[in-house]
Structures are given as structure tokens and as C-alpha cells.
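With the sequences and hints as input, model every part of the structure.
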Amino acid sequence: MSDERKPTQDAAAKRGAKTSLVVITLVTIALLSSCASPEPPRVVPDIRSDLEEVQNDDRISRHAPVQLYEAEKAVERLERAADRDQQDRIDHLAYLARHQIELARVAAETEAYQERIEELAQERDEARLEAATSRAERASRRAEELRSQLTELDTRQTDRGLIVTMSDVLFALDEAELQPAARDALEQVAGLLQEYPDRKVIVEGHTDSLGSEQYNRELSRRRAAAVARVLERNGVSSNRLEVRGLGESRPIAPNDSKAGRLENRRVEIVLQRTSGSGSGSRAGRSDSDGSTRPEVSAGPP
Amino acid sequence: MAARHVSGIRLLLVGMVVWGVACASSPTPREEIAQARLAIDQAAQDDAERHAPGEMKKAREKLDRAQEMMRRERYTAARRLADEAKVDAQIAEAKATRQRAKSTVKSMEETVEMLKKEYTDE
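Chains as they are written, first to last, in my numbering: chain F, 24 to 324; chain U, 5 to 126.
For the record, the hints were derived by calculation from the structure and aren't laboratory data.
Just to be clear, a hint being listed does not mean it is correct.
[As the list claims (entries may be wrong)] Away from chain U, derived, C-beta distances all over 10 Å, residues of chain F:
id, residue
1, Ala166
2, Arg252
3, Ser272
[Claimed, not checked] The list that follows gives simulated cross-link-like pairs (lysine-lysine, DSSO-like), each with its CA atoms no further than 30 Å apart:
id, chain 1, residue 1, chain 2, residue 2
4, F, Lys96, U, Lys61
5, U, Lys110, U, Lys61
6, U, Lys106, U, Lys121
7, U, Lys61, U, Lys106
8, U, Lys120, U, Lys110
9, U, Lys110, U, Lys121
10, F, Lys96, U, Lys106
11, U, Lys62, F, Lys96
12, U, Lys106, U, Lys62
[Stated by the list, open to error] Covered stretches of chain F, as calculated for chain U (at least 3 residues, CB under 8 Å):
id, segment
13, 114-124
14, 132-138
15, 142-155
Think of the CB as a built atom: it goes at the ideal place given N, C-alpha and C, for glycine as much as any other residue.
Take a look at the structure:
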């Protein structure tokens with residue numbers, strides 16, 4: 024600071040203006056150099072080459088242009104300071120420059136992840152759609168399978184009238200509860216029955232010969248009743264419905280094979296040929312009419 | 005002569021301003037300290053404490069030291085420490101953000117994988 028007094032003194036001595044200008048300039052230079060340091064900074068070229076690496080990485084120039092610009096500025100500032108500043112300031116600027124370069128790297132990586140996220144979002148939406156479609160396809164395939172099962176629920180014309188037979192697979196084992204597929208089928212059957220509103224409908228349950236007769240009668244009745252209930256729920260008047268539990272008394276196949284027993288476990292829905300209150304006693308099975316009649320249960324509740 | 009004398013003083017003043025700018029020491033680095041604190045707070049909100057604990061620690065320590073230097077009126081040191089604390093915090097935040105993006109990528113990849121499985125395995 025004592026240097027500052029010099030120009031004042033010179034001015035006071037009323038020397039030529041030219042001289043004072045020279046002195047002022049010298050003083051200014053002296054002051055400027057007071058915060059300079061000639062120490063050769065070794066880190067600077069390293070940082071410069073680090074920056075060049077980042078500059079040449081087109082992912083970084085694409086993904087983190089702002090951070091790259093900041094890094095360039097920081098390195099330039101360091102280089103400007105490098106040949107004249109004190110070591111501690113150079114160290115400080117080197118620290119900042121290094122961190123700016125690192126920031127550009129990290130930011131570029133983050134941005135790359137962001138791009139991937141956008142891609143993935145699209146992939147995910149597509150996959151969701153695909154999955155939903157395949158789920159729907161599987162569901163419709165399953166529905167198709169059930170429908171084909173339902174066509175096995177065969178209908179045939181007999182002397183007694185139209186008989187719809189529901190196979191055993193539409194019930195759970197030893198249960199009277201209907202499978203959902205059976206309900207769908209029965210909706211259709213109910214629709215058919217309602218086209219003949221004045222005809223009586225007899226729902227007959229049948230079993231194979233395994234198990235006691237009494238158990239079989241009971242099970243067959245419960246199954247027939249379950250079917251009748253669904254029909255009724257689908258608009259078939261309970262006045263027209265009659266439920267019979269016939270047990271093992273009317274096999275349609277031999278009970279000595281698994282396939283035969285499967286055929287025998289069934290519920291038949293008989294849409295009687297003629298209207299009127301009597302049951303179709305003139306049918307092909309008329310021989311057993313009399314004997315089974317006492318086992319016939321009442322209509323559904 | 006008097007006019008020339010005045011211009012000489014003016015030149016001296018200009019010289020002092022140049023000196024001041026060259027040494028980059030405007031008196032108190034309050035602004036720098038405030039920025040460093042802001043950067044640390046932002047990084048902390050971004051969960052940087054978990055993803056970049058080292059940088060966060062450095063940033064906080066430097067901010068403390070910057071404030072200490074402020075009190076001792078060593079403004080150049082205070083400014084440098086504050087500037088360094090700021091970039092430390094910025095790095096910590098950038099790392100936390102990167103980590104979050106990375107985790108998001110991972111979980112989304114898993115989701116896509118799962119969905120694809122659903123319609124490829126029948």
C-alpha cells in the first residue's frame with residue numbers, strides 16, 4: 024500500500040503529466056502482479072484433456088449441453104488464471120473445473136436414463152395392451168372351449184319331447200353346485216324353453232351306480248333342483264317346472280366303465296311334447312314310469 | 005496543470021479498480037454463501053444424503069468453514085469455500101437424480117418383462 028503514495032508525491036512535485044502517467048501505470052502493474060504467482064500449474068493440462076474427452080463424447084454434448092458449457096467456462100477460467108495467479112487460487116479453480124466436468128458426465132448419464140425411461144414407458148404401454156389382448160384372447164378361447172362343452176350338452180327329440188342333457192362335467196364332484204359354464208348354457212336353455220311357455224319342463228337328475236342308492240337319489244335330486252333354480256332365475260316359471268331325483272335307476276350306458284359312468288351322471292331337461300299337467304308317461308321309458316313316480320320330488324322352492 | 009493532475013488521480017482510481025477486479029475480491033461473499041446453502045438444501049431434498057453422502061458431507065463442512073471465514077473477515081477464503089461447497093452439493097444432487105432415474109429404469113424394465121411374460125408364456 025505504501026506504493027500508492029508514490030504517484031501522489033510525484034504529482035505534488037508537479038512533474039510533467041507524462042511522467043505521472045508512466046508512474047501510475049507502473050504502480051497499477053505492480054499492484055496487479057501483487058496477486059499473481061508464477062508457479063507453473065501442472066493440473067491444468069490434465070483438466071484440459073479431461074474436458075476434451077467430455078467434449079468429444081457426443082452423448083454428453085447431446086444430453087448435457089448446459090453442463091458442458093459450464094465446464095468449458097470453468098476450464099477457461101482456470102487456464103486464464105494458471106500463468107499468473109497464486110497456487111491456492113489455481114487449486115480452487117481447478118477444483119471447480121473438475122467438478123463441472125464431473126457434473127456434465129453425471130447429467131449426461133441421467134439424461135440417458137431419462138430417455139430410456141421414455142422408451143420403456145412406451146414399451147410398457149404396448150406390453151400392457153398386448154397382455155390385455157392376450158388375456159382377452161385366452162378368455163374367449165376358454166369361452167369357446169366351454170361352448171364346445173355345451174354342445175356336448177346335447178339335445179335330442181324323443182317321444183317324450185325335446186331332451187337337453189347336461190353332462191357331469193358341469194357339476195363339481197359330488198356337489199350340486201353348477202359350474203359357471205353350466206349357468207351360461209342354462210341361460211340359453213331357458214331361452215329355448217320360453218319359446219314354448221305352455222309346455223311342462225321336467226328336470227331329471229341321474230347318477231351312476233357307485234355309492235348307495237339313497238345317496239344317489241338325493242344327489243341327483245339336488246343337482247336337478249340346482250338346474251331348475253337357474254332356469255327359474257332365467258325366466259322359466261316355477262309352475263312349469265318339475266324336479267325329479269332318479270338316482271341310478273335309469274342308466275344310459277353300462278356302469279362297468281369309467282366312460283359309461285360319466286355318461287350316466289347327468290341332468291336331463293325334458294321339454295314335454297304336449298302341454299297339460301300330466302308328465303310324459305308315453306315315452307320310451309314308460310316301463311319305469313310307475314315305479315319311479317314315488318321318488319319324484321316336488322318342484323323347486 | 006491542475007486539470008492534468010486531476011486526470012492523474014482519476015487514472016490512479018481506475019488502476020485501483022483494475023486491481024480490485026483482478027484479485028476478484030468484492031468485500032463479502034454473502035451471495036456465494038447463500039447459493040451454497042441453497043444448493044445443499046436442494047440436494048438434501050433430492051435425497052442426496054443417501055445417494056452421495058461423501059459429497060454432502062464435504063459440502064456442509066465447506067459451508068461451515070466459509071461462514072467461519074466470513075466471521076474472521078477472510079472473504080477470499082470464504083468465497084472459495086462457498087463456491088466449492090456449491091459444486092459439491094450440485095454433484096451430490098446430480099448423483100441422487102441419476103440414481104433415481106436408474107432405479108426407475110430398473111423397475112420399469114421389470115414391469116415390461118413381467119407383462120411380456122404374461123403374453124408370451126401361454
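Beyond 10 Å from every chain U Cβ: check whether that's true for Arg252/F. At roughly 36 Å from the nearest Cβ of chain U, Arg252/F sits farther out than 10 Å, so the non-interface label holds.
Mind taking a look at whether chain U covers the segment 114-124 of chain F? Criterion is 3 or more residues with CB to CB distance under 8 Å. Our answer is that it holds, as 5 residues pass the Cβ test (under 8 Å) against chain U, meeting three.
Take the segment 142-155 of chain F, compare each residue's beta carbon with every beta carbon of chain U, and decide whether three or more fall closer than 8 Å. Coverage by chain U holds for the segment 142-155 of chain F (8 residues, Cβ < 8 Å).
When I compare C-beta atoms, does the segment 132-138 of chain F have three or more residues closer than 8 Å to chain U? Per the Cβ count (4), the hint holds.
Has the given pair, Lys96/F with Lys61/U, been kept, meaning a C-alpha gap of at most 30 Å? Status holds; Cα separation ~26 Å.
For the pair supplied as a hint, Lys110/U and Lys121/U, confirm whether the alpha-carbon distance does not exceed 30 Å. holds, 16 Å
Reported absence of Ala166/F from the contact zone with chain U (all CB gaps over 10 Å): holds, 16 Å
Grab the minimum beta-carbon distance between Ser272/F and chain U and tell me whether it stays above 10 Å. holds, 44 Å
Is the straight-line distance between the alpha-carbon of Lys106/U and that of Lys62/U 30 Å or less? It holds: about 24 Å lies between the C-alpha atoms, which stays within 30 Å.
Does the structure keep Lys106/U and Lys121/U at a Cα separation of 30 Å or less? holds, 23 Å
Are the Cα atoms of Lys96/F and Lys106/U separated by 30 Å or less? Roughly 29 Å between the alpha carbons, so the hint for Lys96/F and Lys106/U holds.
Mind checking the alpha carbons of Lys61/U and Lys106/U for me, to see if they're no more than 30 Å apart? Distance of about 23 Å is within 30 Å: holds.
In terms of the numbered hints stated before, the structure departs from none.
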